[in-house]
Amino acid sequence: MSYRRLVSILAVVGGLSFLLPILAAQGTPPPPITNFQLPPGYQVPPADQQCILSGNRLNLQCIIANDPDLKRVRAEEAQLEANALASADSGKLDPYHQVQTLGALEIFDPTLSVNSNVACSYCHDPMAGYANGASILSVYTGGSNPGSVAITVPNAYPNNRIAKRNPQSYAYSPYYPRLHYNTAQADFYGGNFWDGRATGYKLQNSAAEQAQDPPSDPEEMANPDPACVVWKISQGKYVSFFETVFGAGSITSISWPSNVASVCSTPKGAAIFGNNATPLNLSTFDRTLATVDFDEFAQAIAAYESSSSVSPFTSKFDYWVTGVKGVTLTAEEQAGYDLFRGKGSCNTCHLDGRSSTQLGGTDTGAAADVRPLFTDTTYNNLGLPKNVIMPWYSEDTPDQWGFTGNPLGFGFTDEGMGLFLDGYYGAPPDLDWGVYLEHFEGKFQTSTARDAAQVPYPGFVKAFMHNGYLTSLKEVVHFYNTRDVYHYNVLSGSCPEGTVEKVTCWPEPEDENNINTTIGKLGLTDEEENEIVAFLGTLVDGYKP
Amino acid sequence: MLTRRIISRGIAFNIVVCLLLAGPTASFAGEDQTGSAIKPEIESVSDTVAFIRWTVSNPQGTILHYAVVEYGKDPKHLSLSAKSPTRINVSNHEMVFRARVGHLDPGCKYYYRAYSAQANGVADSEPSAIGEFTTREHVSRY
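In order, the protein sequence lines correspond to chains A and B. So that you can map any letter, position 73 of the first sequence is 73 in my numbering, and since no number is skipped, the others follow by simple counting. If you want my numbering, it's the position in the second sequence, counting the first as 1, plus 1000.
Hints are computed from structural coordinates only; laboratory data are not their basis. Every residue, glycine too, gets a C-beta built ideally from N, C-alpha and C. Please note that the accuracy of each hint is not assured.
A short list of chain B residues far from chain A (calculated; beta carbon distances all over 10 angstroms) [claimed, not checked]:
id: 1; residue: D1047
id: 2; residue: T1048
id: 3; residue: V1049
id: 4; residue: E1070
id: 5; residue: D1074
id: 6; residue: S1081
id: 7; residue: A1099
id: 8; residue: R1100
id: 9; residue: G1102
id: 10; residue: D1105
id: 11; residue: A1123
id: 12; residue: S1125
id: 13; residue: E1137
Which stretches of chain B does chain A cover? Using the computed rule of at least three CB atoms under 8 angstroms from a CB of chain A, they are [claimed, not checked]:
id: 14; stretch: 1036 to 1046
id: 15; stretch: 1057 to 1064
id: 16; stretch: 1110 to 1117
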C-alpha cells in the first residue's frame, strides 16, 4: 500500500486533524543551490537584478512587478484580448468562429483568477509556442510560473504561490485523444497535462478538461469554487457574447449569494473553506447551471486551442511534406531530419508520419500522415534529474491563508503519471487504472515537437521538459544522446570536479522507475546534435512559403 | 511508493561485503548452450548501475517493450529483475534493447540473463545465456 493511499484511508477514518501538526511542519529542505551557472549567453535583465536573492533564488513578487518578459506577455495578452473583443462585438462572426473567439477572450482574461492578475496566457505565451514566456523563470524556477496569490508571511520563500511544473504547451493539445488504456498495446495514450490527469472522461475532450484545472489550482489562478469563474465572466466584458454562443440566460439567470464577491476573492486552499471545494452557496438549480457554464467555458477554450491561431499546421515542414513548390529543407535541416527518423530514434515517439530508417528500416519515401502531430501521446520516464532550483520544493510552510503547497518539501518526488494514478489528485476516474500504477510511475507525456523551437526573440531562454531542467534544444538533444554516458549518482549542482553539468555530467534521475532506454546513448556527434536542432526549427508554425 | 523508496534507500546504506576488485569486468559464465539469439553486451558498469544491451531482429508486437535482465549474486538464483521500457519502430529490421540495472552493490560480482518482452508481459524469445559483470568499488558521491 502506498503512502498516499494509507494517508487517504486514515483521513477517511479519523479525519486529517491529527496529521496537521505533521503537515504544518517544514518538509525536507532543499540543498543550497551551489555551482549555479547561467545558460550560455544569458544575462539577467537589469530590471531583474534587484530580484535575485542570496542562494540564486528569486523574489517572485519583485519579478512579477519588474521582469521585462512578463511585462511583454501582459501587453501581448491585453492586445489579443482587445482583438478578440473587437471580433466578438463586430457581429460578423459565424458560429464556428464565435466559439473560438469566446475561447480566446477567456484565455487572455486575467480577471478570471482569484486576484484578477493572472490569465491562462500568463503561463502560456503565444510567442513562446504557448509555453512559459519569461527567460528569468526558465533559468531560476525551471519555467514554473508564479500564480495569482502572493505569500505575505514575513521572510517566506517563495513569496508567491508557484506551480510545481514547467507549463506544458497547449498547442495541438485538442488533437490528443482522451486518455485511454489500449489493451492490445498495454499502454496509455492521450490525455492532457504532463501526467495525463486531464483525461477527457466527462467532456470527452482532454483539452477542455485541462482548461478547467488551472482556474481552480491553488498554485495558479486559485479560484476557490469553479462557479467563481462563471461569476467573474458574468461581471466582465463578454458575458453577452458567452450567451450568444451558449444560450440566453445561461449565466445571467443564476442567482448569486450575497457573499459571492467575498468568497470569490479568497484563494483556494484558505483554511476558512476547510475541505469544501464548492463554498459558494448556490441553489441546486443554479449550481447545475454554473457547472454547465464551466464546462462550456472549457469547451470554448479547447475550440480556440484547436483553431488556426494556436494549432495551424503551417510550419516549413508542413509545406515541405505537402510538396509545395519551392519549399526545400536546407542541407543541415535535411540531415537533421534523417537523424530524427534514423540514428536519433526521435520519431519512435515524436511520430512524423513516416517510417524510420534506424538500423536498416525501410522508408518508402511517402508521407503516411501529412498532418503528423510529432507525438504519439504516450508517457515515458526520460530519467530527468530533479531540478533542485524549483521554488516548489521550498513551499513547505503555511502561507497567510493556512495553505501549504508542498508539505513534503524537497522530499516530494514528481512521479508524473504515477501521482495521478496513485490518487495525488483524488481517485482517477477509471478505477481500473490503478493496477497499472507500477508501470507508469515516473512517466510524463511526450509533448509535440511542433513549435518547441518557437521563441519570442533571439536569445530567449526556453525551459523544456516537465521540470524545465533543460534550457535549450541543444541540451535536450544532448541529454537524449548522452544521458547514460555521463551519468553520475549526484544531485544537480554537485557534479564532480572536471565535469560540466549538462555537458559531461547528468545527475541521477529524480525517479528511477521505468526509465526509458530507447534513448540515453545514441552515438550522435556534436554536429549531428546540431543538425537535429536545425530540423526542429522547421516545425515552428507561421512559415511563409 | 514512498515506503518502497525509503526501504530501498535503507538497503543502500547497509554495509555490503563483496570481493573488491580493481575495476568492472564482464564475461559469460560459460559456454552458451541456450541457443538464444540474444547476445548481450555490457555497455557500462559503475559502482551501482550497469547498462546491458543487445541487438535482435525486430520482435514486432506491442510498441512498448521491456528490456528485461534477471540478475543476482548467485548464478543459480537470479532473483532480482530490472525492466527498462523501450519503444520499437515497427519499420525497423532490427531492434536495440538496453536495460538499466540499478541499486547494485559496489565491488560485487553479478550474474545475469537477458530477454525482451512485450508490454503485456509476453517474452519475445528464450533468455540469453548467463553472463556476469562486476561493479566498481564505491565511488564517492562528491
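Status of each hint after checking the structure:
no. : hint         : result
1   : D1047        : 8 angstroms, violated
2   : T1048        : 6 angstroms, violated
3   : V1049        : 7 angstroms, violated
4   : E1070        : 16 angstroms, holds
5   : D1074        : 24 angstroms, holds
6   : S1081        : 12 angstroms, holds
7   : A1099        : 7 angstroms, violated
8   : R1100        : 6 angstroms, violated
9   : G1102        : 6 angstroms, violated
10  : D1105        : 13 angstroms, holds
11  : A1123        : 14 angstroms, holds
12  : S1125        : 18 angstroms, holds
13  : E1137        : 14 angstroms, holds
14  : 1036 to 1046 : holds (count 3)
15  : 1057 to 1064 : holds (count 3)
16  : 1110 to 1117 : violated (count 0)
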